[in-house]
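Q: Here is how the chains run, residue by residue.
Number of protein chains: 4
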Amino acid sequence: MTDRRKPVFLVIGAGAGIGGNAALRFAAGGYHAVLARRSDEAGLARMVAEIEAASGTASGTLLNAAEDGSIEELVERTERDIGPVHTALYNLGAQIGTRALDQTPHRTFELGWRLGTYGVFRLAHALLPHMTARAAEGTLGTLLVTSSTASVRGNAGQHSHAAAMGGRRMLCQTLNAEFAAQGIHVAHVIVDGPVDAPDTLGKLLGDSFGAFKQAKGKDGVIDPAALAETYWHLAHQPRSCWTHEVDVRPWTDTPWWNDNPDPQVAVTRRPQI
Amino acid sequence: MTDRRKPVFLVIGAGAGIGGNAALRFAAGGYHAVLARRSDEAGLARMVAEIEAASGTASGTLLNAAEDGSIEELVERTERDIGPVHTALYNLGAQIGTRALDQTPHRTFELGWRLGTYGVFRLAHALLPHMTARAAEGTLGTLLVTSSTASVRGNAGQHSHAAAMGGRRMLCQTLNAEFAAQGIHVAHVIVDGPVDAPDTLGKLLGDSFGAFKQAKGKDGVIDPAALAETYWHLAHQPRSCWTHEVDVRPWTDTPWWNDNPDPQVAVTRRPQI
Amino acid sequence: MTDRRKPVFLVIGAGAGIGGNAALRFAAGGYHAVLARRSDEAGLARMVAEIEAASGTASGTLLNAAEDGSIEELVERTERDIGPVHTALYNLGAQIGTRALDQTPHRTFELGWRLGTYGVFRLAHALLPHMTARAAEGTLGTLLVTSSTASVRGNAGQHSHAAAMGGRRMLCQTLNAEFAAQGIHVAHVIVDGPVDAPDTLGKLLGDSFGAFKQAKGKDGVIDPAALAETYWHLAHQPRSCWTHEVDVRPWTDTPWWNDNPDPQVAVTRRPQI
Amino acid sequence: MTDRRKPVFLVIGAGAGIGGNAALRFAAGGYHAVLARRSDEAGLARMVAEIEAASGTASGTLLNAAEDGSIEELVERTERDIGPVHTALYNLGAQIGTRALDQTPHRTFELGWRLGTYGVFRLAHALLPHMTARAAEGTLGTLLVTSSTASVRGNAGQHSHAAAMGGRRMLCQTLNAEFAAQGIHVAHVIVDGPVDAPDTLGKLLGDSFGAFKQAKGKDGVIDPAALAETYWHLAHQPRSCWTHEVDVRPWTDTPWWNDNPDPQVAVTRRPQI
Numbered sequence: 001m002t003d004r005r006k007p008v009f010l011v012i013g014a015g016a017g018i019g020g021n022a023a024l025r026f027a028a029g030g031y032h033a034v035l036a037r038r039s040d041e042a043g044l045a046r047m048v049a050e051i052e053a054a055s056g057t058a059s060g061t062l063l064n065a066a067e068d069g070s071i072e073e074l075v076e077r078t079e080r081d082i083g084p085v086h087t088a089l090y091n092l093g094a095q096i097g098t099r100a101l102d103q104t105p106h107r108t109f110e111l112g113w114r115l116g117t118y119g120v121f122r123l124a125h126a127l128l129p130h131m132t133a134r135a136a137e138g139t140l141g142t143l144l145v146t147s148s149t150a151s152v153r154g155n156a157g158q159h160s161h162a163a164a165m166g167g168r169r170m171l172c173q174t175l176n177a178e179f180a181a182q183g184i185h186v187a188h189v190i191v192d193g194p195v196d197a198p199d200t201l202g203k204l205l206g207d208s209f210g211a212f213k214q215a216k217g218k219d220g221v222i223d224p225a226a227l228a229e230t231y232w233h234l235a236h237q238p239r240s241c242w243t244h245e246v247d248v249r250p251w252t253d254t255p256w257w258n259d260n261p262d263p264q265v266a267v268t269r270r271p272q273i
Numbered sequence: 001m002t003d004r005r006k007p008v009f010l011v012i013g014a015g016a017g018i019g020g021n022a023a024l025r026f027a028a029g030g031y032h033a034v035l036a037r038r039s040d041e042a043g044l045a046r047m048v049a050e051i052e053a054a055s056g057t058a059s060g061t062l063l064n065a066a067e068d069g070s071i072e073e074l075v076e077r078t079e080r081d082i083g084p085v086h087t088a089l090y091n092l093g094a095q096i097g098t099r100a101l102d103q104t105p106h107r108t109f110e111l112g113w114r115l116g117t118y119g120v121f122r123l124a125h126a127l128l129p130h131m132t133a134r135a136a137e138g139t140l141g142t143l144l145v146t147s148s149t150a151s152v153r154g155n156a157g158q159h160s161h162a163a164a165m166g167g168r169r170m171l172c173q174t175l176n177a178e179f180a181a182q183g184i185h186v187a188h189v190i191v192d193g194p195v196d197a198p199d200t201l202g203k204l205l206g207d208s209f210g211a212f213k214q215a216k217g218k219d220g221v222i223d224p225a226a227l228a229e230t231y232w233h234l235a236h237q238p239r240s241c242w243t244h245e246v247d248v249r250p251w252t253d254t255p256w257w258n259d260n261p262d263p264q265v266a267v268t269r270r271p272q273i
Numbered sequence: 001m002t003d004r005r006k007p008v009f010l011v012i013g014a015g016a017g018i019g020g021n022a023a024l025r026f027a028a029g030g031y032h033a034v035l036a037r038r039s040d041e042a043g044l045a046r047m048v049a050e051i052e053a054a055s056g057t058a059s060g061t062l063l064n065a066a067e068d069g070s071i072e073e074l075v076e077r078t079e080r081d082i083g084p085v086h087t088a089l090y091n092l093g094a095q096i097g098t099r100a101l102d103q104t105p106h107r108t109f110e111l112g113w114r115l116g117t118y119g120v121f122r123l124a125h126a127l128l129p130h131m132t133a134r135a136a137e138g139t140l141g142t143l144l145v146t147s148s149t150a151s152v153r154g155n156a157g158q159h160s161h162a163a164a165m166g167g168r169r170m171l172c173q174t175l176n177a178e179f180a181a182q183g184i185h186v187a188h189v190i191v192d193g194p195v196d197a198p199d200t201l202g203k204l205l206g207d208s209f210g211a212f213k214q215a216k217g218k219d220g221v222i223d224p225a226a227l228a229e230t231y232w233h234l235a236h237q238p239r240s241c242w243t244h245e246v247d248v249r250p251w252t253d254t255p256w257w258n259d260n261p262d263p264q265v266a267v268t269r270r271p272q273i
Numbered sequence: 001m002t003d004r005r006k007p008v009f010l011v012i013g014a015g016a017g018i019g020g021n022a023a024l025r026f027a028a029g030g031y032h033a034v035l036a037r038r039s040d041e042a043g044l045a046r047m048v049a050e051i052e053a054a055s056g057t058a059s060g061t062l063l064n065a066a067e068d069g070s071i072e073e074l075v076e077r078t079e080r081d082i083g084p085v086h087t088a089l090y091n092l093g094a095q096i097g098t099r100a101l102d103q104t105p106h107r108t109f110e111l112g113w114r115l116g117t118y119g120v121f122r123l124a125h126a127l128l129p130h131m132t133a134r135a136a137e138g139t140l141g142t143l144l145v146t147s148s149t150a151s152v153r154g155n156a157g158q159h160s161h162a163a164a165m166g167g168r169r170m171l172c173q174t175l176n177a178e179f180a181a182q183g184i185h186v187a188h189v190i191v192d193g194p195v196d197a198p199d200t201l202g203k204l205l206g207d208s209f210g211a212f213k214q215a216k217g218k219d220g221v222i223d224p225a226a227l228a229e230t231y232w233h234l235a236h237q238p239r240s241c242w243t244h245e246v247d248v249r250p251w252t253d254t255p256w257w258n259d260n261p262d263p264q265v266a267v268t269r270r271p272q273i
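Those protein sequence lines, which keep their order, are chains A, B, C and D. For what it's worth, our numbering labels the leading residue of the first sequence as 1, then goes sequentially. For what it's worth, our numbering labels the leading residue of the second sequence as 1, then goes sequentially. For what it's worth, our numbering labels the leading residue of the third sequence as 1, then goes sequentially. For what it's worth, our numbering labels the leading residue of the fourth sequence as 1, then goes sequentially.
It is worth saying that the hints were derived from the structure and are not from the lab. Check each hint, because a few of them may be wrong.
Which copy is meant is left open, so a pair is good if it fits within one copy or across any two.
The calculated lysine to any residue pairs, modelled on SDA-like cross-linking and capped at a C-alpha distance of 25 Å, are [claimed, not checked]:
1. 216 with 258
2. 213 with 181
3. 218 with 53
4. 216 with 111
5. 216 with 139
6. 213 with 258
Please construct the entire structure, taking both the sequences and the accompanying hints into account.
A: Below is the structure:
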């Protein structure tokens, strides 16, 4: 159900992990949540129902973000039929697992870019004119972008993913450079750890997802509801104090810049230098 | 006044800017604030009184952090006489303005290190054993460290400051690498913009502080109360989702990694490359 | 003319700046240079003639790198008809000048990716199997990639360029992570200053190129022949001591991470933080 | 023996690894090498003799760099008695192995800073006035600084080392920002891999050094003679094309920003994110 007096929180990539939890959080805080995801209409309906059960309002829509015009149409439809998007979250990943270069076909690499980089550009192109028009009248806008470790370093087997995320990060910086002083807060969130997200990591790991979480121990995997609080915080920082980049990971995880602390590994691999 | 049932928020560098506002915020959230600063007993008393007027509790103490044993004594005294420090904020800067190398005496450079790097090490040395002992029993601890742009890049005339802050940042990473999985959250906050802080930037700029703020425009200088909310958020992230590094700046400020957007400057300086 | 006993240096983006000078340098060092560029057959012939006049050998070819199959065909033809490519240089840029988001059409952004990121991927896909086969028999290979400041930070108006270069940098890291230990040296060169290159910067600046160089002063613009020496050095580092990333700029230029040192600007812009 | 017509190459930290090999390389290229190290007069004499046997000239001196006035006196003595220092190499490390915070005494941390950060500052303070005076008359100067992975990330157990190296890196940036345009080339070299250096890594690993090198395989440890070629290259880049930062590592080593590629480790540790 739509309540036109509410600001809209639009999330592209609304799976049961980060996207869904962010929608839940923003709906609880008074936004109307618009959830877009590629497939699983039933899952989408469940998330909308969950939000409504918590006295929030939400709408769900299926979206093939890789298709030209799809994001653009969603933005226009939302702005026209639902309400002004005050905060948008681009939450599509482009992770395809670890693949050597010769196992990374050209069209895979291109699709990585379409979802990882180009989609952010398209969303910004479609949405920011609406936001800047409102910002000129005093209503700020926020563009949150979920990103990953691959945006700051390229690991073996990550040709498609890292190239896409590296482009995403630089694009967030250029968007921020152009739009921050116009009243649009762009935040690039480096999710540097596994998320308890059945629709992404869960699908990637398949049957071993449970064992993986077990092995990580208590609170060893990012709770997407916790991350949603950080998104909420970012979207409500006063404009005198805006964060552009922030990282998150579980307490027991080694940050990407550190060596594996396992002493067995460290010793055979290399001394500290 | 002390309330031994409260967790303690300890801030070293409790001026009227970031430190004082963080104390106010944590006191409002149920902590007993312990404020330590180098001088201005009257100013300290005013901050304690302000917290108490808002129904919080706080204690103030003068502290020469550069002196051996001073931080250590403060930690022991606080833990013994006031209560367990759940969150500490190291908020001392080491900015001395822009000085060429031959205007940077050796003892100035050393003092920069004492306040900028060594003080964090000393605080960690004194405090983390208390925190880890409690963390082993289920009470997590947080060490917040205010840092600056100089921790990620060294500008002309910043020999003392940048060397001290570069050391600070790497130290925060080594502390995090050792202590995160023990239940201590270490967060390094890159304050990449001017703060509306009369005791630091205000003193540095002197009479031109007002004109400076005027020139920056509305919300053009970081409101330390806004930054205090980010500190509060960091200190209360669930341990499955901890941030180690975050940046903040006013909406109208160019991030440190961007060129000055003034087209006059950009054109004469260099084309985009 | 081709000398099949020589190793081949293949440069994609062989204008009269970096590409042409690198070809000249490698030819002088005993390589057969293969120069590929998009247009200007006469200019290409002049560069080949210049190399031959200096007793080197070279071949030139026109290449539309944005076209599917073009890079692939060039690699196959070179390996089959000319000789083994020991060192390749991907030297295509994607700079289109400073353009606001609404002046950056979707197809421009996509073309930036095609030349900036995808071309490196395609070259690696086509060439590295040849190189790794030889490396297994003891002949190492080198992939040099000219890159830019936009690969490490996104400035205003650089949406297309920075996204493309950010992807390029991460891709170079993933290539290095997979191929270094197989004997392929991948080097990412951050050209953080204007180059005295008539075919790129010269065209971008047009009539003001001369005045620009004049204003930069003596040695104030990167001499591409000097940069070619750094490329030569990188391509001949023994494998126990390989560089992955290096930056270059003129002595009088401020590195990208520093503020403009002009005191007028610094003061009105912001104090050191 | 001294030849006053030669430019001087001064190396502080002239062990049998990087420092000694750099001295050998610069002496072979026509410099008079001045080698300073803390102890082992016999080893020093052997290095001088080796340089002279190769028809070069060199002088050796013992130096306690941690002692106030020592570096200063060496610079003055060299400039006065031997000749103008055209290139200096600060090659002292501060690695003390992996130590938890409670095993890192305060004086150890301070000593790390004295050798890791303050020594570079002191060398710059003493030497750069000589260099800038000559640069004003057309003779450029170069300050090479050997640095380490710990200058860009802080690992567990590296409190002293990383803080010192983080300060070193920022200081190199501030020195470059002030002095590059005055004709002094400052280069920060990130040695991101083990070096075949008996006096440093050899001592750290002790009896296991041989087994370590064996395990790393052919060319699996940086040959300091190869690194010396990179130092030579840096010191002779024309001023239109100066490198400030460069990294090096053996071909088989994983760069610091990459995860350990061992699939066993990667799988149990975390999926790619």
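Q: All hints are to be evaluated individually against the structure, with a verdict given for each.
A: To see whether the hints hold, each was checked on the structure:
1. 216 with 258: both (18 Å within a copy, 21 Å between copies)
2. 213 with 181: between (42 Å within a copy, 16 Å between copies)
3. 218 with 53: neither (29 Å within a copy, 41 Å between copies)
4. 216 with 111: Answer is neither; intra-copy 31 Å and inter-copy 38 Å both fail.
5. 216 with 139: Answer is between; shortest inter-copy Cα gap is 20 Å, intra-copy 42 Å.
6. 213 with 258: Cα proximity of residue 213 and residue 258: in one copy and across copies (21 Å, 23 Å).
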